[in-house]
Amino acid sequence: MADPRFFTRRGPFTLEGLASSAGARVATGTDPNLEIVDVAPLDAATGHDISFLDNPKYLPALAATKAGACILSEKHVPRAPAGLALLVAPAPYVAYARIAQLFYPPSRPRPGVAPSAAVDASAKLGKDVAIQAGAVIEAGSEIGDRTIIGANAVIGAGVVIGADCRIGAGVVLSHCLIGQRNTIHPGSCIGQDGFGVALDPKGYVKVPQLGRVIIGDDCEIGANVMIDRGAGPDTVIGSSCWIDNLVQIGHNVRLGKGCVVVALAGISGSTQLGDYVVVGGQVGIAGHLKIGSGAQIAAQSGVMRDVPPGMKMGGAPALPVREWHRQTVAIAKLAAKTKDEAGQ
Amino acid sequence: MADPRFFTRRGPFTLEGLASSAGARVATGTDPNLEIVDVAPLDAATGHDISFLDNPKYLPALAATKAGACILSEKHVPRAPAGLALLVAPAPYVAYARIAQLFYPPSRPRPGVAPSAAVDASAKLGKDVAIQAGAVIEAGSEIGDRTIIGANAVIGAGVVIGADCRIGAGVVLSHCLIGQRNTIHPGSCIGQDGFGVALDPKGYVKVPQLGRVIIGDDCEIGANVMIDRGAGPDTVIGSSCWIDNLVQIGHNVRLGKGCVVVALAGISGSTQLGDYVVVGGQVGIAGHLKIGSGAQIAAQSGVMRDVPPGMKMGGAPALPVREWHRQTVAIAKLAAKTKDEAGQ
Amino acid sequence: MADPRFFTRRGPFTLEGLASSAGARVATGTDPNLEIVDVAPLDAATGHDISFLDNPKYLPALAATKAGACILSEKHVPRAPAGLALLVAPAPYVAYARIAQLFYPPSRPRPGVAPSAAVDASAKLGKDVAIQAGAVIEAGSEIGDRTIIGANAVIGAGVVIGADCRIGAGVVLSHCLIGQRNTIHPGSCIGQDGFGVALDPKGYVKVPQLGRVIIGDDCEIGANVMIDRGAGPDTVIGSSCWIDNLVQIGHNVRLGKGCVVVALAGISGSTQLGDYVVVGGQVGIAGHLKIGSGAQIAAQSGVMRDVPPGMKMGGAPALPVREWHRQTVAIAKLAAKTKDEAGQ
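Chains as they are written, first to last, in the numbering used here: chain A, 413 to 756; chain B, 413 to 756; chain C, 413 to 756.
Isolated chain A, as found in the complex:
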């Protein structure tokens, strides 16, 4: 059970109620009125908990579980121990996620403006907005209904944030327009100047950055993510993108919808990603490239050319993964041969 100092549990719920919320069905022979009080992993669950089986490597844990109920796919039903109540779902982990959300909905601070927050008189606050202690809301900004602005966050002049967003503590936003239902975790900075510099014999000349950052809906943006605003065009993050911690996104970059960018990756200026591109951790992508929809870039790769849609790439400089693996194997063989020849 989650630590009650940090998490407030709802429920109990009947299996039938859980099934309908999660897009699952109650298995034949399972009592739909069984009451469930919590979620737990297979190996820690007890009689009133619901667990899930997604990865078949946990089938032994299924056989041994003391859970009261389990979510699994049709094909694993015969593997469940007798007497275990079952919910059947095509994607058990998704169903688990939905059920866990029912038991543990995100906590909400009470609406209102904390006394130590500084809200400019010209800012527009929607219904039931919560502005937490020390937050600063500058002139002309707009905060959508039910959006939460975390403690000591700074919402710059003119910034527009849609409804039902969660802006973490210490976040700094400027020059950006943000849609609905986005979560931005603590410490992220969005909308500052990009790296715009013109080289001059007498020194560097700063190029004014005249664009914005535009973020769609339903994005999850990690902690300490840096997204620079556009230089003239905008920097655009499509809807439903998931961006992990400590990611760098340069000016004019465009992400389509549903892109996933893992921690410590950097996407250089003016590069465009299609939809559902996956960028692994610590990947670097050079500037002015096009990465096609559905492409996947392995962790730590260095992408220096355009990537066609659906292509899986790896290595630095990045290659199609088959070629990358072939190179890795060839190098290993070469080194082994050298070793043999040397009699080492």
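Careful: at least some of the hints might be erroneous.
Each pair may be met inside one copy or between any two copies, as identical chains are not told apart.
What the hints assert, rightly or not - No farther apart than 27 Å at their CA atoms in a straight line, the calculated lysine-lysine pairs in the DSS-like style are these: (1) K724 / K745; (2) K702 / K614; (3) K614 / K487.
Hint data in this document are derived by calculation from the structure and do not stem from the laboratory.
Just so we're clear, the structure is a prediction, and the values are computed from it rather than from any experiment.
Once you've looked at the hints, dock chains B and C against the given chain A.
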């Protein structure tokens, strides 16, 4: 045109006025009194906008532009469509940057101390300083004339900041002396303890970090840049350095003037860079090295040895770029050969 | 001498007093009552300073030093110039660290709550706690005796921090339990949601993150370190860990005691490190791996498999260092051969 919620445009300006500010000249046959109201890219500009041509790959856009005026180099004058007003400059992008600065000077908050800022009575504030909401200015610090301290920034005890600096929201400064006209973007932390640890059989012993961070003039320091203070000597950033987001600079590091460090790079303790060194994104440089003036390090390289002045390096471990490319080619050939032999 | 704007020096101390604090002994022929007023490097020290020799490459500096006293190991005693007072210690750098701590103990703000801090009425503050300007202490949190909460830091609801901790300016803590004597440098975010997402044809579904972050005692956590809370299990940082700036630690990761993680490294979700593991700068470690106690991972490596205890690894994908070096040599030879054949 830049979004008026975020940018305030000045002007109009005559071509002659723009030319003289930008170090350009009005071309023969162009009306020097033509009024220009905005800047825009070649493909989006309309009759009262000025655009620029720098990269010859945009010559077709020049031919088709609807801009009222264009900045270009002497050699491209014959390629301009008839009737387009022209400013001639040796470095058109630099001239554009200067003109864009005229139309869009950085916005300035009104001078003064926000009511929710906490300024220690012993701090010295220069003329027309702006201390924004929630900022904390600790004892004995000094803020130069016209410098702006962003919302919720923290200026630690004894820190000295010169005139005309812009310190972003949420920046944390301690143990540092900062020159004039520097911009530090949001979330950066400068002057904290470096990674100073002595290994002892009974555990790690912290080595007091007794130096400072010294920053010259005219630097641009990105968002969430970490610069640790010196261990005894100082950490030094020369004038006119450009540091991108999420860069790590260890204790005792010295950067000469005009160095450029791209996002997610890390420079380990006690390493010294000469002047105008360029460090690519995600580069790692080991500690206690000397990187000569004018050296350039390709993105994602790992530098483990001293680099002579002017040398271009790439790869991990980093090599002169010619050798690095030769290795890349040799590996590709080897893998192709293996493939042929296997009949794959 | 350290800049008095930032550092307050204690002392003077007698050599005998310093020796007993540092686990050193006064050498035969050295006056134990000699008064020392400061620490300094060999080449900058003057007659009332104490210096140290650890790395033999500084033996010439020892010969030439003007220091009043020097800490060194037994074997280097004969190399000291005549008349130099000597402290003998098995690990001179450790002894120096202890002596430097005596002269320059970390500064402490006056205890108490700054007027602009926002402390929830239900928070429990220990004895002599200092809550600096603009800090936010949310409901139900507990701050141990003598702990310092830096300016504009945010301590989330229910967070527990032990005694004698130093929480830097702008730090954001949530969902975490932190032991004693930990230092967390500015800008770090600990306890936010990990990257928990279930893939669904209709979009991504967020998986509630129901664990915490548990940190032991005596840890040093750098600036802008991101530690996500567990998904169900906890994320655990053992005692005496040293974590450098800009490090990413994913959900459910476990570090044993005494681990060292250098800047810009990323450890993916559910990976477990034993005790005293050393992770170099910019290393990436994939998820769900076990890294044995005492393993050492060279900078920029990419670890994709379990690592046995005590193993030294390097490269991407990471190999035992001997194999990694063999590959590096084999590639260099291959490229040289290609060059010869081409007559280049």
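Checking K724 and K745: alpha-carbon separation at most 27 Å within a copy, between copies, both or neither?
Both, since 24 Å and 21 Å are each at most 27 Å.
Up to 27 Å between alpha-carbons, please classify K614 paired with K487: within, between, both or neither.
between (71 Å within a copy, 22 Å between copies)
Within a copy, between copies, both or neither: where do K702 and K614 come within 27 Å Cα-Cα?
Answer is between: at 25 Å across copies they meet the 27 Å cutoff, but 34 Å inside does not.
The structure is consistent with each of the numbered hints, conforming to all of them.
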